[in-house]
Amino acid sequence: MTAVLGGSPGFARACAVCFSASDETRDAFLGTTVFLTVLPLLMIGGLVLWLWRRALRAERGSQLAPARSLSRPMATPPAIRPL
Amino acid sequence: MNAFSGRGPIPPRSGGLPLERRPPVVSNAVLGMLMFVTAEAMLFAGLISAFVVVRSDSVGAWPPPGQPRLPLEATAVNTLALLISGGLLYAAHRAYRREPGAALGPLTLSIALGAFFVLFQGVEWVRLIGEGLTLTSSNHSSFFYLIVGMHALHAVAALAALAGVGLALRGGRLRPDRFYGAQVFWYFVVGLWPILYLQVYL
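Which chain is which? The protein sequence lines are A and B, in order.
Just so we're aligned: the first sequence equals residues 1 to 83 in this note's numbering.
Just so we're aligned: the second sequence equals residues 1 to 202 in this note's numbering.
Isolated chain A, as found in the complex (with noise of 0.2 angstroms):
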């Protein structure tokens, strides 16, 4: 399918929505597809990076904090902000 493809370039050209002889419509299709592309992992990995320093905060606050009994009720970390 792909040597195929690959040998017949005029077929990606027949798309009506895609073939555009002008520079700027080629141009805002890259641009536009870079965008999506990158968008996405920018803020999954955005969101996921912040998440893991919070998780490393917290731990180094339940570390620096004393020792607690286990029969009393847990209270707020000191060591992050509630959110």
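Among the hints, a few may not be true.
Said to hold, decoys possible - Some chain A residues near chain B, calculated using beta-carbon distances under 10 angstroms:
{"id": "1", "residue": "SER22"}
{"id": "2", "residue": "GLU24"}
{"id": "3", "residue": "PHE29"}
{"id": "4", "residue": "LEU47"}
{"id": "5", "residue": "ARG60"}
As the list claims (entries may be wrong) - Quick list of simulated restraints, FRET-style, between CB atoms:
{"id": "6", "chain 1": "A", "residue 1": "THR2", "chain 2": "B", "residue 2": "LEU80", "range": "51 to 59 angstroms"}
{"id": "7", "chain 1": "B", "residue 1": "GLU40", "chain 2": "A", "residue 2": "ARG53", "range": "19 to 27 angstroms"}
{"id": "8", "chain 1": "B", "residue 1": "GLY32", "chain 2": "A", "residue 2": "SER22", "range": "37 to 45 angstroms"}
These aren't lab readings, by the way, just hints derived from the structure by calculation.
Using N, Cα and C, we set each Cβ at its ideal position, and we do this for glycine too.
Please build the complex by placing chain B on the supplied structure of chain A, with the hints as guidance.
Positioned in the frame of chain A, the structure of chain B alone reads:
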């Protein structure tokens, strides 16, 4: 109020001491809202991308000639109102951390400015429709109503969430995670609008 909503100790499986349950890193309300906002950001990214491609492929001037002019100056003032609303909500957040009751004033102002933004957009829409800029009059107008309309829907939903927060705060029964979750939604609506204004109006 413990925003981590820690529950009791984990009971042991077979004798021994119960383990302390570690509180969540972020509340479910905030995490859920962040995931929702991420999905909605992709929705708007798709709409903006389609708009950019159609605009690049247009023959002749853009916006198309013969169309009513979009209210750039009036919408710029409206944009400022929305940004101030976002700032007031942040002020309410800071006040809530110090003293929950002190957040009601800035929160109410924030909601009022947000409502003004939505209503003003509605007034402008009615005027534009009267002048002949409708959903089907051109590609430009179709995208304008679609993109700005989607933002308005999100703004109305976020305002409803903030109004619920305000009522709960007045009744003294507001949970912090609910407030923070509603804030995330409104910051998304406020932060998105300048991007839409630059792309669609200018």
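Restraint check, 10 angstroms cut-off on beta carbons, for A:PHE29 near chain B: Result: holds, 6 angstroms to nearest chain B Cβ.
Verdict for B:GLU40, A:ARG53 (Cβ pair) under range 19 to 27 angstroms: At roughly 24 angstroms between Cβ atoms, A:ARG53 and B:GLU40 fall inside 19 to 27 angstroms, so the hint holds.
A:LEU47 as chain B interface residue, shortest Cβ-Cβ below 10 angstroms: holds, 6 angstroms
Going by Cβ atoms only, is A:ARG60 closer than 10 angstroms to chain B? Since chain B brings no Cβ nearer than about 12 angstroms to A:ARG60, farther than 10 angstroms, the hint is violated.
Outcome for the supplied range 51 to 59 angstroms, where the beta carbon pair is A:THR2 and B:LEU80: holds, 53 angstroms
Please verify that hint: A:SER22, Cβ, nearest Cβ of chain B, below 10 angstroms or not. With Cβ-Cβ at 6 angstroms, under 10 angstroms, it holds.
Hint check for A:SER22 and B:GLY32 - Cβ pair distance inside 37 to 45 angstroms: holds, 43 angstroms
For the restraint on A:GLU24, tell me whether the closest CB of chain B is nearer than 10 angstroms. Holds. Min distance 5 angstroms.
Hint violations for this structure: number 5 only, all remaining hints satisfied.
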